[in-house]
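The listed protein sequences correspond, in order, to chains A and B.
The numbers in numbering that gives the first Met the number 0 rise by one with no breaks, and the one at position 83 of the first sequence is 82.
The numbers in numbering that gives the first Met the number 0 rise by one with no breaks, and the one at position 55 of the second sequence is 54.
Any given hint might turn out to be false.
[What the hints assert, rightly or not] Facing chain B, according to a computed beta carbon distance under 10 angstroms, are these residues of chain A, among others:
no.: 1; residue: Val111
no.: 2; residue: Ile188
no.: 3; residue: Gly339
no.: 4; residue: Gln344
[What the hints assert, rightly or not] Mimicking DSBU-like on lysine-lysine, the simulated pairs with C-alpha atoms at most 30 angstroms apart in a straight line are:
no.: 5; chain 1: A; residue 1: Lys309; chain 2: A; residue 2: Lys393
no.: 6; chain 1: B; residue 1: Lys86; chain 2: A; residue 2: Lys278
no.: 7; chain 1: A; residue 1: Lys287; chain 2: A; residue 2: Lys393
no.: 8; chain 1: A; residue 1: Lys278; chain 2: B; residue 2: Lys27
Just so you know, the hints here were simulated from the structure itself, not pulled from any lab data.
Where is the CB? At the ideal position from N, CA and C, for every residue including glycine.
Residue-level listing of the chains:
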Amino acid sequence: MSEENPVATVAGGGLLDRRLFLKKGLVFSALALSTENALAVVNNAPRPPWTAKPGQPFSNYGQPSQYERKTIRWTMGNAMAAGNGVSCTPLQDLEGIITPSGLHFERHHNGVPEIDPAQHQLLIHGLVEQALTFNMADLQRYPMTSVLCFIECGGNSNAGWQSKPVETQVGYFHGMASCSEWTGIPLRILLAEARVKSSANWLIAEGADASLMNVSLPLDKALDDCILALYQNGERIRPENGYPLRLIAPGWEGVVNVKWLRRLHLTDQPVMARNETAKYTELLPSGKARQFSFVMEAKSLITQPSFGHKLNAKGIYQISGLAWSGRGKIIRVEVSADGGKTWAQAQLQEPVLSKCFTRFRIPWHWTGKPAVLKSRAIDETGYVQPERAELLEKQGAHGYFHYNAIVSWEVTANGSIHHVYA
Amino acid sequence: MCMRKIVAFLLCCAVYPVCANDSPHLGKPAPQGLEKAWNGDIFPNGKGLPAGSGNAITGKKVYTQYCLSCHGVDGTGGSAEELAGAKHGLTDNPPDKTIGTYWPYATTVFDFTRRAMPLNAPGSLNHDQLYAVTAYLLYLNHLIQETQLMNASTLPKVKMPNRNGFINQYQAR
């Protein structure tokens, strides 16, 4: 144990036991941070202004503090069409596992439709015994369930394919992934009502936006865990996230989680839409492309500290990050502070749910020397998040979609943090 | 229902606390005409293609008026993506993915254009204009002749170079 290091490390670069912060008092007494004087109350001392006058009245809908206005989605619209593009979740500013609804990432092909729910309906047709329509008010009477799951755009993190590491904050780079509680009707209940014919294998989902976005989904998935969500994080879904009805396909790439859902067409084959041929397919070095690669494989990244943060002093920091897998639960996240030479197990914060963001943490003692921080996720199928070189070896550099390689943050001696390929 | 679906169905009943028996059955028989009005899905074999026709000569006029501002001269790209004029193949660095080099089915061009383009006025072109502009995009990609008429029977037959370029990753359970 070095002189600078008051507690035992569990891996190179100063990683500490993940349970350290949970053992009450240990670190804090060791570091003896004295704040008693600062907190002492002195009679008749001047009061902070917000304690010296009545506060603001009630509000119909709460907003973030005026001091948190920097925590926003970054929007990237098309120059000729403001409603075409994406906005990203600022993952570097958030904690826990739930993304506030107003910060959930967006991908719109042609803007956010302003749908009047009284005029919206869902049509289920094709290979069914009885084509049916449902209005939104009637759907409220159906049995509902909640799914806490991430939605990740198939194109998330695609800057990772570039040959030089792009230096930008986590949200810009990896923020087309968000996590919500979605509440709605298991899709199989509505399919059972329409009586799906045995010749059906696929369904084509279509949204009521200006691009009538459509995409094909295997019937197996629809019968397994898909829901038609009416609510997100307890309230009706926000317009930009699919109001009034969204198809949720847990663990599968964002594009099949069709927003503004108006039609489900049962068929015996995929429709071969633009968004399952020209886009959301991954070109391999052979010139062939992967198609219908729906599942978002295990991924993790350290959100604290990360690019844009600065370590101002040596000492103990809490590394915090997110891990998720479209195949099920995260069972382990390992963190390295020496560029991958040695790894330590991070603490997984409960709840750890299937196809959901999982928050991991591990304390780290920074001695002021350069370090490289990495995290890697392992899911319940045994899948291990690959190093970037491994991913490129397997899939080449031009797949564009489904980039899930390990992210490396270099901490320099002056405490600044950079994205590196290491 | 085949065995696989029955098993899947029973499985989800076990996972979710709610079951189809709880369903209030409020779906209404779809009104006549709604299915026809809404179902724009066009399949690779041409199923779903409407009546109408057009060739690249008229298509160029449609393109110039409604598409060029975003997709550039001859489909080479602008504020919106490139649609033709690939300079590289799919194994080059960087690869060039256009309708000619990458898209597996010509029917997708019609389907997507009808539902989503022109971006600033989706749904505004009639079927003859849609066949014409589709023909123009296929012609720009050297897939058909300039005078070749595209309609419900000729469009699905256009040979797409990358027709067999995709590997299905989905394994049904």
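Verification of the hints:
1. Val111: violated, 14 angstroms
2. Ile188: Nearest chain B Cβ about 5 angstroms off; hint holds.
3. Gly339: violated, 27 angstroms
4. Gln344: At 29 angstroms from the nearest chain B Cβ, Gln344(A) fails the 10 angstroms test, so the hint is violated.
5. Lys309(A) - Lys393(A): violated, 35 angstroms
6. Lys86(B) - Lys278(A): holds, 19 angstroms
7. Lys287(A) - Lys393(A): Answer holds: Lys287(A) to Lys393(A) is near 13 angstroms, not above 30 angstroms.
8. Lys278(A) - Lys27(B): violated, 35 angstroms
The structure fails hints 1, 3, 4, 5 and 8 (numbered hints given earlier, in ascending order).
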